[in-house]
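Asks: Please arrange chain B on chain A, whose structure you already have, making use of the hints.
What follows is each chain in one-letter form.
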Amino acid sequence: MPRQTHGHAEHHVHGPDCRHHHAQSPSNTTARADGHVHTASCSHGADAEPLAVDPTVLLCGRGLGLVRGGRPLLEAVDIDIRPREIVTLIGPNGAGKTTLVRLLLGLEVPDSGSVHRHADLVIGYAPQRFDIDGALPMTVARFLGLGLGVRPGSVLETLGEVGAAHVFGQQLRSLSGGELQRVVLARALLREPNLLVLDEPVRGVDYAGEAELYTLIGTLRNTRGLGVLLVSHDLHVVMASSDRVLCLNRHVCCSGVPETVAQHPEYVRLFGADAARAFAVYQHHHDHRHDLGGEPAPMPATPGLPDFAAVPVAAKETGR
Amino acid sequence: MIEPFLLRALAAGIGLAIVAAPLGCFVVWNRMAYFGETVAQASLLGVAFGLMFKLDLTLSVMFVALIVAGLLILAGRQTAVPTDSILGLMHFGALASGVIATALVRGPSIDLMGYLFGDVFAVTGEDLFWVYGGGALALLAMAGLWSSLLRLAVHEELAAAEGVSRHRVRIGFTLVLALTIAIGMKIVGILLVIAFLIVPAVAARPFAETPERMVVLAALVGVMSTILGLALSTAIDAPGGPSVVLVMAVLAGLALAAPGVRRSP
Chain A
205 MPRQTHGHAE HHVHGPDCRH HHAQSPSNTT ARADGHVHTA SCSHGADAEP LAVDPTVLLC
265 GRGLGLVRGG RPLLEAVDID IRPREIVTLI GPNGAGKTTL VRLLLGLEVP DSGSVHRHAD
325 LVIGYAPQRF DIDGALPMTV ARFLGLGLGV RPGSVLETLG EVGAAHVFGQ QLRSLSGGEL
385 QRVVLARALL REPNLLVLDE PVRGVDYAGE AELYTLIGTL RNTRGLGVLL VSHDLHVVMA
445 SSDRVLCLNR HVCCSGVPET VAQHPEYVRL FGADAARAFA VYQHHHDHRH DLGGEPAPMP
505 ATPGLPDFAA VPVAAKETGR
Chain B
52 MIEPFLLRAL AAGIGLAIVA APLGCFVVWN RMAYFGETVA QASLLGVAFG LMFKLDLTLS
112 VMFVALIVAG LLILAGRQTA VPTDSILGLM HFGALASGVI ATALVRGPSI DLMGYLFGDV
172 FAVTGEDLFW VYGGGALALL AMAGLWSSLL RLAVHEELAA AEGVSRHRVR IGFTLVLALT
232 IAIGMKIVGI LLVIAFLIVP AVAARPFAET PERMVVLAAL VGVMSTILGL ALSTAIDAPG
292 GPSVVLVMAV LAGLALAAPG VRRSP
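Top to bottom, those sequences are chains A and B.
Heads up, the first sequence is in the numbering used here, so the first residue is 205 and it goes up one at a time.
Heads up, the second sequence is in the numbering used here, so the first residue is 52 and it goes up one at a time.
Looking at chain A on its own, in the form it has when it is part of the complex (with noise of 0.2 Å):
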């Protein structure tokens, strides 16, 4: 049941490079141009219109809602991935942070709201789970090969990129947790993706692990210019390397910046004071913005404000 209270009617109002095209609502994109890109994904309060589909944007949910068993799973949620730019959705168990991704990827249709993929979107995705069973003989470099049409070399080299360049020859069914990790983040490389989608990368590795292949996706977000949807329960670690938090709880709980979401009442409801001050010793210092394109530009000279502040989209989810 869509919740009516957000306003969420069942129209949506698609950017022109957005493959279903609707009537364009003129009141919706001029408000779009007020230069507050990041303030998209949450500024609607109580009976604001449906958000407008940004045509930069690479991938974007409207409204999404999802009801299995009588019991809604997800519900009005909004999202929006833009070029360049580590979205990270975080969330307690059983808050449909991978049912999410299940509808951005298609792999589900929504019971309600729309899903927007830019018309040049290719998805390089990294399933939460990866369990390889041992009846089925295969190697790493056919595994990385299979069905993509790619030279064994440019294999090797993406497997280098990850680090992962030594298990090249071996079995899938011998590798350890991390290194399949590397394995499957270089099989979403190999597809030439403008937006990676990683479902809790770095599940089943340790923490030293952790934060490198959290400078990995960082790094490779930079060298090649992607948009990044990484899915967490893991807090500090993941939302220091992240340009943008979506707290997710059936609903958007809260987003923004790292820092904002990180004393935002909702985190703190749902994750505890302690994880919102624990969240302070792994802030990275953010030594750029966003322009209106997604891409990371120089600070202005007067820091100090955020660029974006965190707006609760529905404070209260009870009494349902």
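Derived from the structure by calculation, the hints contain no laboratory data.
Mixed in with the good hints, there may be bad ones.
Under 8 Å between C-beta atoms, here's a sample of chain A residues computed to sit facing chain B [as the list claims (entries may be wrong)]:
hint, residue
1, Pro331
2, Phe334
3, Asp337
4, Phe347
5, Gly349
6, Leu350
7, Val354
8, Ser358
9, Leu474
Note that the structure is a prediction, hence the values are computed from the model and not measured.
The beta-carbon is built from N, C-alpha and C at its ideal position, and this holds for glycine as well.
Replies: Then chain B, alone, in the frame of chain A:
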């Protein structure tokens, strides 16, 4: 001088072993052994229908196998009961109704044992046409689906997210399975036909580094078992199909017991 009936039996068994190898490997990789078995045993109903309405048995078996596979896929979507229990339900339900239906068919007494365990030495020239004609079709379909099948076997969600159509592959796979069951019924019967899929693939697994090598090894095991099994059968006057399957099972057991095979500690 080899008798013509023995030559036909050899040709049929070897043909089935080759056709079954790629399909069998895929069944093993996807843990679909019980699924295949259920579809095969349910196809006894197809025999009954074919006899009742005087249809071509191969076609009616294929038809029933497809319907049962479709029902299984639909029933697999419910979440109240585990899938293997649903398979058990269909398996026994279909087998029981198949036995009853064949018993009710009027006319010359039906050789139920012949359908359940096959009669490899009674293979006719027309049967051979089905084995090789249908088999070639099945192999072509598998070759066309191969890359998609492998991607789904590695990780179904990843393959689907990358654009592999699960629906198309599932339909293709089910068609090939039904065709193989219909072919194999003549040779080893509906109770043993799935052994031709699974057992050689199991024997091949410990020695295969790539999926294709596993298929080739499985085909070799199947062919070897056919030759040895039929030899055993003529030597001690044992039923043909079960002799071949017995040799296969022994080879698979030896392969799993071989030194160097991965075992859990």
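Asks: For every hint, state whether the structure bears it out.
Replies: Structure-based check of each hint:
no., hint, verdict
1, Pro331, "holds, 5 Å"
2, Phe334, "holds, 6 Å"
3, Asp337, "holds, 6 Å"
4, Phe347, "holds, 6 Å"
5, Gly349, "violated, 10 Å"
6, Leu350, "holds, 6 Å"
7, Val354, "violated, 13 Å"
8, Ser358, "violated, 17 Å"
9, Leu474, "violated, 27 Å"
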